[in-house]
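Read top to bottom, the protein sequences are chains A, B, C and D.
What the first sequence shows, in the working numbering, is residues 1 to 446, in sequence order.
What the second sequence shows, in the working numbering, is residues 1 to 446, in sequence order.
What the third sequence shows, in the working numbering, is residues 1 to 446, in sequence order.
What the fourth sequence shows, in the working numbering, is residues 1 to 446, in sequence order.
Please keep in mind that the hints were generated in silico from the structure rather than gathered at the bench.
Honestly, I wouldn't trust all of these hints.
The list treats identical chains as one, so a pair stands whether inside a single copy or across any two.
Calculated lysine to aspartate or glutamate pairs in the DMTMM-like style (CA-CA distance at most 25 angstroms, straight line) [what the hints assert, rightly or not]:
{"id": "1", "residue 1": "K297", "residue 2": "E30"}
{"id": "2", "residue 1": "K319", "residue 2": "D285"}
{"id": "3", "residue 1": "K429", "residue 2": "D407"}
{"id": "4", "residue 1": "K420", "residue 2": "E283"}
{"id": "5", "residue 1": "K344", "residue 2": "E327"}
{"id": "6", "residue 1": "K54", "residue 2": "D12"}
{"id": "7", "residue 1": "K344", "residue 2": "E299"}
{"id": "8", "residue 1": "K420", "residue 2": "E327"}
{"id": "9", "residue 1": "K422", "residue 2": "D407"}
{"id": "10", "residue 1": "K429", "residue 2": "E49"}
{"id": "11", "residue 1": "K429", "residue 2": "E24"}
{"id": "12", "residue 1": "K354", "residue 2": "E131"}
{"id": "13", "residue 1": "K83", "residue 2": "E436"}
{"id": "14", "residue 1": "K22", "residue 2": "E436"}
{"id": "15", "residue 1": "K354", "residue 2": "D329"}
{"id": "16", "residue 1": "K83", "residue 2": "E24"}
{"id": "17", "residue 1": "K429", "residue 2": "D146"}
{"id": "18", "residue 1": "K346", "residue 2": "E289"}
{"id": "19", "residue 1": "K54", "residue 2": "D44"}
{"id": "20", "residue 1": "K429", "residue 2": "D44"}
{"id": "21", "residue 1": "K344", "residue 2": "D329"}
Protein chains: 4
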Amino acid sequence: MHIHPTDNPDMDTRIDSLGEAKIESPIINELNGSSIDIFKEDTDTILIELTPEKVADTINSGKTPASFELAGPRKKIFFDPSKLKCALVTCGGLCPGLNNIIRSVVLELYYSYGVRHIYGIRYGLQGFIPEYKHDVMELSPANVVDIHEMGGSILGSSRGPQDIETTVDCLERMNIGILFMIGGDGTLMAASKIEDTIRRRDLKISVIVIPKTIDNDIHMVSKSFGFDTAVDISTEAIKGAHKEAEGYPNGIGLIKLMGRYSGFIAATATLAQQDVNFVLIPEIDFDLEGKNGLLTKLEERLAQRKHAVILLAEGAGQKFFESRKIEYDPSGNIKLHDIGLFLKEKIQSYFEAKNMDIPLKYIDPSYMIRSLPANSNDHVFCTFLGRDAVHAGIAGKTNMIIGFWNDHFVHVPVPMTAGKRKQVSPGGKLWQTVLEATGQGSLVNS
Amino acid sequence: MHIHPTDNPDMDTRIDSLGEAKIESPIINELNGSSIDIFKEDTDTILIELTPEKVADTINSGKTPASFELAGPRKKIFFDPSKLKCALVTCGGLCPGLNNIIRSVVLELYYSYGVRHIYGIRYGLQGFIPEYKHDVMELSPANVVDIHEMGGSILGSSRGPQDIETTVDCLERMNIGILFMIGGDGTLMAASKIEDTIRRRDLKISVIVIPKTIDNDIHMVSKSFGFDTAVDISTEAIKGAHKEAEGYPNGIGLIKLMGRYSGFIAATATLAQQDVNFVLIPEIDFDLEGKNGLLTKLEERLAQRKHAVILLAEGAGQKFFESRKIEYDPSGNIKLHDIGLFLKEKIQSYFEAKNMDIPLKYIDPSYMIRSLPANSNDHVFCTFLGRDAVHAGIAGKTNMIIGFWNDHFVHVPVPMTAGKRKQVSPGGKLWQTVLEATGQGSLVNS
Amino acid sequence: MHIHPTDNPDMDTRIDSLGEAKIESPIINELNGSSIDIFKEDTDTILIELTPEKVADTINSGKTPASFELAGPRKKIFFDPSKLKCALVTCGGLCPGLNNIIRSVVLELYYSYGVRHIYGIRYGLQGFIPEYKHDVMELSPANVVDIHEMGGSILGSSRGPQDIETTVDCLERMNIGILFMIGGDGTLMAASKIEDTIRRRDLKISVIVIPKTIDNDIHMVSKSFGFDTAVDISTEAIKGAHKEAEGYPNGIGLIKLMGRYSGFIAATATLAQQDVNFVLIPEIDFDLEGKNGLLTKLEERLAQRKHAVILLAEGAGQKFFESRKIEYDPSGNIKLHDIGLFLKEKIQSYFEAKNMDIPLKYIDPSYMIRSLPANSNDHVFCTFLGRDAVHAGIAGKTNMIIGFWNDHFVHVPVPMTAGKRKQVSPGGKLWQTVLEATGQGSLVNS
Amino acid sequence: MHIHPTDNPDMDTRIDSLGEAKIESPIINELNGSSIDIFKEDTDTILIELTPEKVADTINSGKTPASFELAGPRKKIFFDPSKLKCALVTCGGLCPGLNNIIRSVVLELYYSYGVRHIYGIRYGLQGFIPEYKHDVMELSPANVVDIHEMGGSILGSSRGPQDIETTVDCLERMNIGILFMIGGDGTLMAASKIEDTIRRRDLKISVIVIPKTIDNDIHMVSKSFGFDTAVDISTEAIKGAHKEAEGYPNGIGLIKLMGRYSGFIAATATLAQQDVNFVLIPEIDFDLEGKNGLLTKLEERLAQRKHAVILLAEGAGQKFFESRKIEYDPSGNIKLHDIGLFLKEKIQSYFEAKNMDIPLKYIDPSYMIRSLPANSNDHVFCTFLGRDAVHAGIAGKTNMIIGFWNDHFVHVPVPMTAGKRKQVSPGGKLWQTVLEATGQGSLVNS
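The following block holds chain A by itself, in its conformation from the complex (with noise of 0.2 angstroms):
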């Protein structure tokens, strides 16, 4: 097996490979009666950078600038596809979409390759471990068709890491040649140890992730899954805070969506639903007292139009809790504080203090965003997503996920992408139209 050699330092995209692709794929290159162009090869790539002086420089300096081979069916492929057994498995939090994903990819190995061993592991990575006992699930399309129309994942899910070595002991014992694996930034973690594995005890086996974020915050991904299914919902819950709001005299509706550590959720649900007065989201800084803090403003703010909605991602604000101890999840993410409680208080206290009756409704919808069927949207984009998965696994492809970059289905090497994280840029156009969009201005005492 060929491992790239890294050439370019900052950024190699390449894709490692399990070997020569010899088999001829069966999928048919032609309609009606005229052939037509449907593989792709791996020298099909797009451009990472779009602004015309870098990539000038990078060429007229002699180099390549830096591209994403193109994801798609190839005309060679690796597996024998009759022989082939292969497993999927969804890690981590619910997320609109992991049911349409396991659908496009079992429908995408048994009608367009033929392959009849598909294997869904429950309940996230436990499903590897003889300990837990969960059953292994067999998929055909019989048991995937109708799943879409569910949310939530048929496979069920967990959190936290499990043992590496026993995982790829299952994976032996199962016969398997390509993992499917679903999840966030730890699956990607774990993906990239299991490789490893793989590759010191030198098995021919497929590591594909399909990379799952509601917060849509994964490195060199421009949009991920579930995400339009989730602003879409929460506009539900910005309308109920906005009509209590209204409902009252000084009324407040306090919404907490998604984004520990990016607020694209709730910046793009500001703009989904403009009923918002202030959003806080982790990338930029707010102040609670003082002049421009934010409990100044939404008591101006209260004086001028007698309600005011207040979007909160659940990562913001940590900063008020540096002093306690820090925290982890199962998963190892550290335990963020609860800015939502943490701030209905303050708010209920200062103008409590204030003589003022103020009455705010909490909502924190997440759980049931989460657990939603995706909408068309995600539907059609997991429907490629994971189709895509199965071209590049079948091909022998191994160590990647499928990505999304300048509106193209892509090809990005596990390295490159875990451990990373997108956030909203403060100058960008979103953030910028969030600020047009509630006039909050900044919340920051100089």
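Got chain A sorted already, so can you dock chains B, C and D onto it with the hints?
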């Protein structure tokens, strides 16, 4: 003005009146050239009791069985529409359908009767009190025609009583003929006192209440507006909780819904989305500990099925707080202790003590439900309620609510319903079907 | 077997029975250690008539006022659940709620009574006839638990009658004890004939019908399943038509809805989405030409408001086709002439003759409505209908439907309802409120 | 005024300008006390071509690869907001999102730049022509803030061209500085002519087009507003057709969707609701008769699966009407022959000839889709489009559209896109995935 003496002490259903209605109704009693009989007489009534034996017994003993006046237009009206001024006020918590009723009252007054002076009192009973300085809102078809598309109340609301004399001063000063009050039990109490003051001052003001209770617990009213919408949306929370529970080994979904004293929403939502394993409502006792207690039953359920969904009405299990001191909210209601957070902690510590990892997701969608626009069913229902309220008020009736009984819109005297409450019957069809749907059985130790 | 003689020729509401119910019901009549009274007796009835005077007259003249048996579980049952075989069949056009009823019947038979042999007959009455070769579908909780999320009928349906003797042969051959039929007027006719044949052959087979009519026009049934969902979705078509009409100068939106002989859907949808200017239903005559005719009124409306929305029930205006020959569909119903396309052309040629450019948009959403999943309200309603059908059948009752009257689920004899029809009353509350909401007035020339 | 000469004849992407922008933008370029870089320069561009080889070739041959100017606020603006008057007009067929764009343009003009004179032109280009007597609508935040909740266009629309000189007379008379046109291909043509006339008269009027096409077929624009909503709602029609088809033996569901020349909606909806067996779009040929023809394939499908769903774009199969005469609609578009009704009849007569009873249900939801409010995704998209249109216009740019390319909002010259059209590529990812999802294969005889 004639106030009916009470000839049947158990159930006096006669409606108070401001005096004889002498003006011809402007509503046209004709269609396609033929006269049609659209007017109701005060003698058009429906039986309250449906059991033939009981009705026969009453009749055979020479008495008249109790019946409700049918709502609807009267041939003669009391007020002269060209001179009439009306006021609307919405009180207490938000509920789907408030705007629909405002709209319906305004359109009926304006188009059917030609009333041109309709005032919206802002922020509930506060709007009558000068010191709050809430402006009055002039209402006309142009500014209400689309309000049913939005949740909340365009008038706003507030909780808690206000001074009755000051309120009636305001009605006098504004020269109001009909006051339409949309509110719950507290509003019925206030209406009763306003009525008394009006009578004492010998004013010609009609007070018509459209009863509002998202809990559907008004005595002698079989169905209240907003309830169908509330159930509808509650199913989304149940779906979410179910998928979150299924999504992890030993996952638990815990949902808290409205229902202070009556579990109609929780029970009906359980039938509307049959993913619930345990429903807890104020009317049905349950234990936590012991062989039949919820915690044991929950553990058994997890052992068998690996996940569970629990649905709570907010008023369930208040016995667990008996030792704590009683507090009151601004409306004078006893502040309920938070059974949701209480149960969440009890469950978590129970399983922690057993060293079991139990992913519990807690969902409280109340403020997303209360502030929603009414669904089609409630919109139609509110249309009838609002129009019948107008017919009653303009005919000079007073001290009454628009009720719904045996599938008919009826007039119910305020004293007959205020301060009483409908509850889920343990042996009735609703709860029995809930028990069949959940299989939860008894949760009380003998 | 006892067939009730007719002692009240006008209204015999007694229910036929297969014989004495001798077996103890397995349903537990106890909660939290106390016995609760969940069983209904056949003598538990509710009055049909609600007018006190009429009821008193009947009683005073020494007669018993007509009443319906209440639906619900009986203490003693006729069939031995361990040996019982049941069949379900869905007939005629699709209607939201079919799957909900199938689900509810199966769950009740299985869990409450322990019945293990439940068969789904495919494609309506065709499924009984060998030559069609439709397989029977075995039904159990596992394969019905999620079907209510989907529209349509998992059993499929078909139109038109089938041979009765062959049908009963099939029931005999399969050894069916209870046949649950879900269908409309044609199905009631078929049920009646099947019942006669069963009695003639002296078989112990119960026939229970759950009446289906998206038009809500079943005689002696105040509400039928699927109607609420149909109204709900119809509002989307009205919104669309309204926006299309408003969108262009002199724009017209024309919508055709269900309603062969009764305009309940069109009238109720008009109240649920009050954007309609003209509603045309089978019960209310209208002219096209002349001073009061629709075309003149439409022109006046356009002159005043620049747009108009017209809502048609499919059975409206059939008088315009009187000269054409009568055709029948496979169910034996008269084929309606297409009033929608007829009106579309009439309107267009009327305004063309006046040289007016009239952008008319025609919307027929019928097949998007019929095939939808039931909404929450209908799901709860279907849950009760299905469970009550089981209680009735297993108690040995037959030749009856599960009806809904005065807000209660009741048993109604098939002969009392078959072949009759409920209609919108011109002077009633529904149509009067429609006239107020549309302002359309009379559309007939004197 | 400077009009860029064409230095790259193939692709001139430079944007015309009314002159030098000399006024400081009032938009604040600072957050939380730090300056942030929110302004775009005209030299901030993105590459159009993403293939590294092609870009390298261009650069290595000494040329500059084509790129689009990025949309967004400019540091200097051309118009003085305090004196600026703006006009908005919506043209052609309705499309979800029209109101969102109107709202976004008005809010941006008003709040970000302080423009106080914003006029809505009623009923499309008709609104400029005195003889139609359509009033102008004054637009301000108060009357647009909630319009995105409604479908349609508050301005109304109309089809067809109007006299260009009269139109520009109106702009002159009203003293308009920026004209925002929201419309499709016909509007691009009109914009081009209006632009020419403005230049000829040497007026300082900017013309900014926000391209509207529910078919998503605008050349050089990767995604147009309303498309996501249209796909979303189309899935409801597919579900309905599927359930109706499944509901009867040999049932067929036939749906006609939008798509005059491009099948993007039909193809994408097929992936969003994967119940379709045959998709027919303008870009892909199909036969009716013969071994590979649709009718034969349909018969085979019915034999195997007993039901089928067919989804049509309105522009598919126009070859079957070649002998008929060509007609034009008021917009000057060729009137398409109705392939939906044509196919319906062909299918029915084909199976009638074979004596098969085929229940075919025909669904045309087009006017329910076009008039809907935009979903969240489209609302966010429209927010950006409207605001970027304002930034461009106020900076003095003209003769351009706000486009979307490689995931960025960009400026595209009108001449570059008018009169051209994007189509579904037979070998591309979309159509290939459709073929996999439907399994329909070739429908053309060799």
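Which holds for K344 with E327 at a C-alpha limit of 25 angstroms: within a copy, between copies, both or neither?
For K344 and E327, the Cα distance is within 25 angstroms both inside one copy (22 angstroms) and across copies (20 angstroms).
One pair to classify: K54 and D44, alpha carbons no more than 25 angstroms apart. Within, between, both, or neither?
both (21 angstroms within a copy, 11 angstroms between copies)
Classify it for me, K429 with D407: is the Cα-Cα distance of at most 25 angstroms met within a copy, between copies, both or neither?
both (18 angstroms within a copy, 12 angstroms between copies)
Can you tell me if K429 and E49 fall within 25 angstroms by alpha carbon in one copy, between copies, both or neither?
So K429 and E49 pass the 25 angstroms test inside a copy (18 angstroms) and across (23 angstroms) alike.
Under a CA distance limit of 25 angstroms, which applies to K344 and D329: within one copy, between copies, both, or neither?
both (24 angstroms within a copy, 18 angstroms between copies)
Taking 25 angstroms as the upper bound on the Cα-Cα distance, should K83 and E24 be classified as within, between, both, or neither?
Within one copy, since 15 angstroms is at most 25 angstroms while 58 angstroms is not.
K344 and E299: within-copy, between-copy, both or neither at 25 angstroms Cα
Intra 14 angstroms, inter 34 angstroms, cutoff 25 angstroms: intra-copy only.
Intra- versus inter-subunit Cα pairing at 25 angstroms for K429 with D44
So K429 and D44 pass the 25 angstroms test across copies only (14 angstroms; inside, 30 angstroms).
How do K346 and E289 come out at 25 angstroms by Cα distance, when the copy is not named: within, between, both, or neither?
within (10 angstroms within a copy, 36 angstroms between copies)
At most 25 angstroms between CA atoms: does that hold for K354 and D329 within a copy, between copies, both, or neither?
between (38 angstroms within a copy, 19 angstroms between copies)
First find the shortest C-alpha distance between K319 and D285 inside one copy, then the shortest across copies, and answer within, between, both or neither for a cut-off of 25 angstroms.
Close inside one copy (9 angstroms), not across copies (45 angstroms); limit 25 angstroms.
Between copies, within a copy, both or neither: which fits K420 and E283 at Cα up to 25 angstroms?
within (15 angstroms within a copy, 42 angstroms between copies)
Violated hints for the displayed structure: none, as all numbered hints are satisfied.
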